[in-house]
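Enquirer: Residue numbers (this note's numbering), protein chains in the order written: chain A, 47 to 483; chain B, 7 to 175.
Hints were generated in silico from the structure; no laboratory data involved.
Even glycine gets a Cβ: it sits at the ideal position worked out from N, Cα and C.
Please note: incorrect hints may appear among the correct ones.
Stated by the list, open to error - Examples of chain B residues toward chain A, derived with CB under 8 Å:
hint, residue
1, Val15
2, Phe26
3, His75
4, Tyr88
5, Ala89
6, Val161
7, Glu164
Said to hold, decoys possible - With a straight-line cut-off of 27 Å between C-alpha atoms, the simulated DSSO-like cross-links for lysine-lysine are:
hint, chain 1, residue 1, chain 2, residue 2
8, B, Lys18, B, Lys139
9, A, Lys146, A, Lys81
10, B, Lys18, A, Lys282
11, B, Lys18, A, Lys280
12, A, Lys169, A, Lys146
13, A, Lys282, A, Lys303
To be verified - A few chain B residues that face chain A, going by a derived Cβ cut-off under 8 Å, partial list only:
hint, residue
14, Trp39
15, Trp42
16, Leu43
17, Glu64
18, Asn68
19, Arg80
20, His90
21, Ser91
22, Phe123
23, Thr141
24, Gly148
25, Lys152
26, Val170
27, Met171
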Amino acid sequence: MSLEEYKDFSSLVSPERVHKACYSDEGVFEQELNKIFYKSWIYVGHESQVPNPGDYWTTWIGRERVILCRSEDAQVHVLYNRCPHRGTLICNNLHGNARKAFRCPYHAWQFNLDGSLRNMPMKQGYEGIIDLKDPQLQMKRAARQATYRGFVFASLSDEGEGLDEWLGSGGRAAFDDICNRSPEGECEIVMNCFRIIQHSNWKIFLENQLDAVHPSITHHSTGDAAAQQQQVFKQKTGQEPPIGYQFLADFTLPYEKWDSLDTIGYPHGHTVLAGYMGLRPRDPITLAHEAVLEEAYGAERMEEILSTNVHHVLVYPCLSVQPALQQLRAVRPLAADKTLTEIWHFKLKGVPEGVYERSLAYYYHVNSPSTMVNADDLNNFRACQDGLSLQGGGDWVSFHRNYGQDPINGGVTTSVTGMSEQPMRNMFAAWKKYMSA
Amino acid sequence: MSKHNSLQVSDKTQREIENFLYLQAEVLDERRWEEWLDLFGEEGIYWMPASGEQETGEGQPNIFYEDYHLMSMRIRRVEHPYAHSQTAGHRTSHVVSNVMIQHEDESSGEVLVTSRFHMVEYRLDDQRYFGGKYTHQLRNSGSGYKIILQRVDLVNVEGPFDYVMQVWV
């Protein structure tokens, strides 16, 4: 099948294989924007990103540019970043504070922080022509907006499930598992966004996040380097190396270890990969963390919270969350072959200071622009994209590993092994449903 | 840090410092990793903040914040035979200029020096450009200068990064 021949999207996806056009074809990509990114809920930001009235951050929903902001009545809003007059981007910076009003840089139309028109110069030019209270003259709001435990989502469609229902237990787990680790049940964003461009389709990144076969291969060099340096560190200093070394050394766990992990596929493509990092050592920081949680929730609940062992939660199609390490990567598809990731991490409220060190170490070693981990991932993603863009050489991508062996129970799919390609099959089942709607 | 003209120092000191910075750029471009490590004092730190406003790298996000051990780890990784994103060739060329000595403490042998750099990097048929400011805190303990702290402020520090940085800039 050539890229032009497909008629409907369902023909591109079978349970165990998908057509390369899903990754490389701009026509498919345009439809993904319309049918997935403009229909589902998309993560916009965290409430603590805009603590004060006038604070704003700009980001993307698909190719639409939006503003997350807070108004003087403390409400959080998601607005299109577009002046209704001539269409100008109103906020041209990544973030800032607009004081009492957004002001278009072109003709100084001013908007209240909820998007309503506030003022403009020489209003008399519109007298008797147009009613300045017309909603068409406001900064348009996202059709729907909802927040789950401080994490703000928006949908550009009036229709569809509410956020809680859409997230389901799988998606909600991402945020519950972050917030529950705080005795106050809350987290706070660290005001730093690393943005990294991938020269590859957005789905390649999401698939990689739950691909337990690749780490020992892709990250072999980094895992080895970290493990060797751990030994040198111990010899030279007589001390245990910082935990970040172990985060990196863990990438070269033997296949058997990866194979023993669980993956769980939920409706709408949300997918979980169970944890493998020993994040509950018996060091003083962990013990102090246990103590504050026990005081807040009791021993039994504390045990339940801290033994939750999830490495990745994908909130399809827009987020990869690592709750135990309090970080997330938001996925912003810019073209079939270009994806922006916005990478954030969080502090748990009310926990000992040392707990943050782990989160920060992971943010540095895995997620910063100097990462030795994603250096090799991004190289693979680009190589995949380039290969999938070829006309010849084959048409299909294989997701056959452990196909037909995934137990399904009440709409939730588990895997027989951690290395099963069940997560990819689960995401593409959701993709097919969205694209066929 | 001085916001005025750079300190008047002897031509000899100025030349020594300039030569040190040129050597560091050359060593980096030629991937002479052991010499690179040797330019740093035992407690030396290579630091690229995540924001120009950062006053310390401790306890907050950074783009690079590496001591001897983390730099050694990075060297092990780029020299590893399975570091596949290095196999396509990864070359850089640095130019360092505008070398201004901001402070000199003769009793401790410490010098604070700022400079500007331009760097091009080639990898996988692509060329990228980086530019910015170096701030070197150096100490001369008799046998030549060592880096106590090298701060690197990228011009595009808060911008989106097209790919990542595998080695120091």
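Enquirer: With reference to the structure, classify each hint as holding or not holding.
Expert: Structure-based check of all given hints:
{"no.": "1", "hint": "Val15", "in the structure": "33 Å, violated"}
{"no.": "2", "hint": "Phe26", "in the structure": "24 Å, violated"}
{"no.": "3", "hint": "His75", "in the structure": "5 Å, holds"}
{"no.": "4", "hint": "Tyr88", "in the structure": "4 Å, holds"}
{"no.": "5", "hint": "Ala89", "in the structure": "4 Å, holds"}
{"no.": "6", "hint": "Val161", "in the structure": "14 Å, violated"}
{"no.": "7", "hint": "Glu164", "in the structure": "7 Å, holds"}
{"no.": "8", "hint": "B:Lys18 / B:Lys139", "in the structure": "23 Å, holds"}
{"no.": "9", "hint": "A:Lys146 / A:Lys81", "in the structure": "36 Å, violated"}
{"no.": "10", "hint": "B:Lys18 / A:Lys282", "in the structure": "37 Å, violated"}
{"no.": "11", "hint": "B:Lys18 / A:Lys280", "in the structure": "42 Å, violated"}
{"no.": "12", "hint": "A:Lys169 / A:Lys146", "in the structure": "20 Å, holds"}
{"no.": "13", "hint": "A:Lys282 / A:Lys303", "in the structure": "30 Å, violated"}
{"no.": "14", "hint": "Trp39", "in the structure": "12 Å, violated"}
{"no.": "15", "hint": "Trp42", "in the structure": "15 Å, violated"}
{"no.": "16", "hint": "Leu43", "in the structure": "12 Å, violated"}
{"no.": "17", "hint": "Glu64", "in the structure": "10 Å, violated"}
{"no.": "18", "hint": "Asn68", "in the structure": "7 Å, holds"}
{"no.": "19", "hint": "Arg80", "in the structure": "6 Å, holds"}
{"no.": "20", "hint": "His90", "in the structure": "6 Å, holds"}
{"no.": "21", "hint": "Ser91", "in the structure": "4 Å, holds"}
{"no.": "22", "hint": "Phe123", "in the structure": "17 Å, violated"}
{"no.": "23", "hint": "Thr141", "in the structure": "18 Å, violated"}
{"no.": "24", "hint": "Gly148", "in the structure": "24 Å, violated"}
{"no.": "25", "hint": "Lys152", "in the structure": "18 Å, violated"}
{"no.": "26", "hint": "Val170", "in the structure": "5 Å, holds"}
{"no.": "27", "hint": "Met171", "in the structure": "5 Å, holds"}
Figure legend: structure checked against the earlier numbered hints; hints not met, in rising order: 1, 2, 6, 9, 10, 11, 13, 14, 15, 16, 17, 22, 23, 24 and 25.
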